[in-house]
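K.L.:
Kindly generate the complete structure, drawing on both the sequences and the hints.
Respectively, the protein sequence lines represent chains A and B. Numbered according to the numbering used here, the first sequence spans residues 1 to 347. Numbered according to the numbering used here, the second sequence spans residues 1001 to 1347.
Please note that the accuracy of each hint is not assured.
What the hints assert, rightly or not - Covered by chain B, per the in silico footprint, the following chain A stretches (three or more residues, Cβ under 8 Å):
{"id": "1", "stretch": "32-42"}
{"id": "2", "stretch": "55-66"}
{"id": "3", "stretch": "80-93"}
{"id": "4", "stretch": "121-133"}
Everything labelled a hint here was simulated from the structure, so no lab data went into it. None of these values were measured; they are calculated from a predicted model. Ideal Cβ positions, reconstructed from N, Cα and C, are used throughout, including at glycine.
2 protein chains.
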Amino acid sequence: MKGGGFYNKHSGWQQAVQDSMFEHVIKSAQTCALPLPGSGKCWRIMDLGCSQGRNSMAPISAVLKEVRSRAPGLPGTVLHADLPDNDFSTLFHVLAGEGSYTRTFEDVYPAAIGRSYYNRLVPSAELHMLLAFVTLHWLPQAPDWGATAWNQWHPAVTTEALAECRQQAAKDLLGFLEHRAVECVSGAKLILSMVATDSAGDAGSSVPALVDDVLEQLVSEGLVSRSSVSQVSIPIYCRREQDLQAVLDLPQVRADFSVEAVQLNFVRHPVELQYEAGEVSWETVVDAIVGGVIAIWEPSLLAPFRDAEQRQLVKQELPRRLRSAMILRPGEFGFSWHHLFTVLTRL
Amino acid sequence: MKGGGFYNKHSGWQQAVQDSMFEHVIKSAQTCALPLPGSGKCWRIMDLGCSQGRNSMAPISAVLKEVRSRAPGLPGTVLHADLPDNDFSTLFHVLAGEGSYTRTFEDVYPAAIGRSYYNRLVPSAELHMLLAFVTLHWLPQAPDWGATAWNQWHPAVTTEALAECRQQAAKDLLGFLEHRAVECVSGAKLILSMVATDSAGDAGSSVPALVDDVLEQLVSEGLVSRSSVSQVSIPIYCRREQDLQAVLDLPQVRADFSVEAVQLNFVRHPVELQYEAGEVSWETVVDAIVGGVIAIWEPSLLAPFRDAEQRQLVKQELPRRLRSAMILRPGEFGFSWHHLFTVLTRL
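P.N.:
Structure (structure tokens):
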């Protein structure tokens, strides 16, 4: 994720996704385990893939409201986790800021963990609820998409590379669930969400193809080398519903969790709906799309360009060229995606 | 603190200070409360003013070793706290790195808190041990040192300003102890340490006066304005032993804590001892002193210079001129300070 608060400003889609999960979030907060009265324990929730925190404030506030109506005055902790290079300073400023749950709820204490959630993060039997919003499509390592492909929808991806990537993503998710099983108390609720594809594996958005075009332009104009572009690799796999279901059906997962819900939605980016309703200009849509691409993918796209000048060139040219390609073709592009989530109960 | 890992590289004195507290750290780990067997609770330690973490690894490893020998296999959490703008990414990389206690001890889980410790940080009765190393001389707000003074040793400080600052520092420490009293279980051990002065209020180091000289040079050469320099104010008060003792003697503090130790040391910077033994050159000492000044004070010294060019000028000139002033006068300058600590037990 891009730092300096940038991600917070360009995550409108991620907010829209939360609406599709909202009733499940509330129901989970109404039914999750609570610490036994007199045990002296706190109620603890973990927020995985927290990024800079803006999108965590509303759901965690909603959850705290439900939990506090069940157990007034129960102290709580909120553990926000993301990778070590996450922008934790922005997170802590958001946590102290106006929209934070810390302003509404007394006796709730946030902390942060800077470690991949593909590792153990907290002591065993510590968590009563766990949110992993719009994050489980990120894999611990970038798959080998083949010589020139850099994502699962790239025309150069082979069937074999894709099959191997699916298998790796299944293993990664299984490992994730094994860690979480140890960390959660019996009766804990987990809401796990990820960007997805439809059952054919199609993305909702044509933007990755447009990024391809721009990278191709930069190569053909001699501005960057083919070999650098070939090294681009984004550590994301957007699962199909059947990919998720296959993991949830594994006997070791069934032994730890009951599956309360699996839901796939095609979630429109709010700015596209506003455009269709004539409320905003096409330019606004283009800005939102380019902002989204840069916020999510810039670090991965820039990674192979280690030379400072080359890096700066790609950093400038990519958004500029994406913008000029889209601006002339109103209504043709979108940054809407399939979204998949599951609700689990720790047995 | 200066970010980007800089503080970690320039905190040799802070490491030397730990030696003066070492036996107390071990004894506290041997006698602190542990969670009751069968309570399902973890052993929890908080590390206040953690900065980028390097200096926390050794003492926390030493503490974990003692606790694990008392209660083998007891899971633990370590909460590292510092201000929101602390360099948490470096902290999390240090926590995952070679010298980290996470490499030596299983089932120990670090997290971070980005909030001033003059606020509540964790739920009540949560902590079994608390370290606040070389940090309690930092106040929540810069005192009003008067029109031109920017620290307690400045020739322009009035007796009244200094008295007011002492009073404010006492109030701040009392507030700090009140928060910690709620957070600690009965039997928790707290080791609280700070840069100090001798009973006359003298600093150990002549470096602040040299910084004065450089700032004065910059004004007289017309490079920066007098009014900007007058706005410099460092939020530090280095207490005398009697300042600390007066707070510890307050009835509300005595009701919460017993005082196990109060100790004042003059701690020499290791590089100065190496120089005196003929092991390093004077240039090495100068580099260490300038590095220390910049690591600790640069953010406060630069704060009034909001204009980018002015800021850059001071950022360059201050270390350069400090270095040239010192390099010609071998053995005349040092970055050694008085250090004061107390060991408390929560009643």
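K.L.:
Take the hints in turn and mark each one as holding or not.
P.N.:
Each hint tested on the structure:
1. 32-42: holds (count 4)
2. 55-66: violated (count 0)
3. 80-93: holds (count 8)
4. 121-133: Holds: 6 residues of the stretch 121-133 of chain A have a Cβ under 8 Å from chain B.
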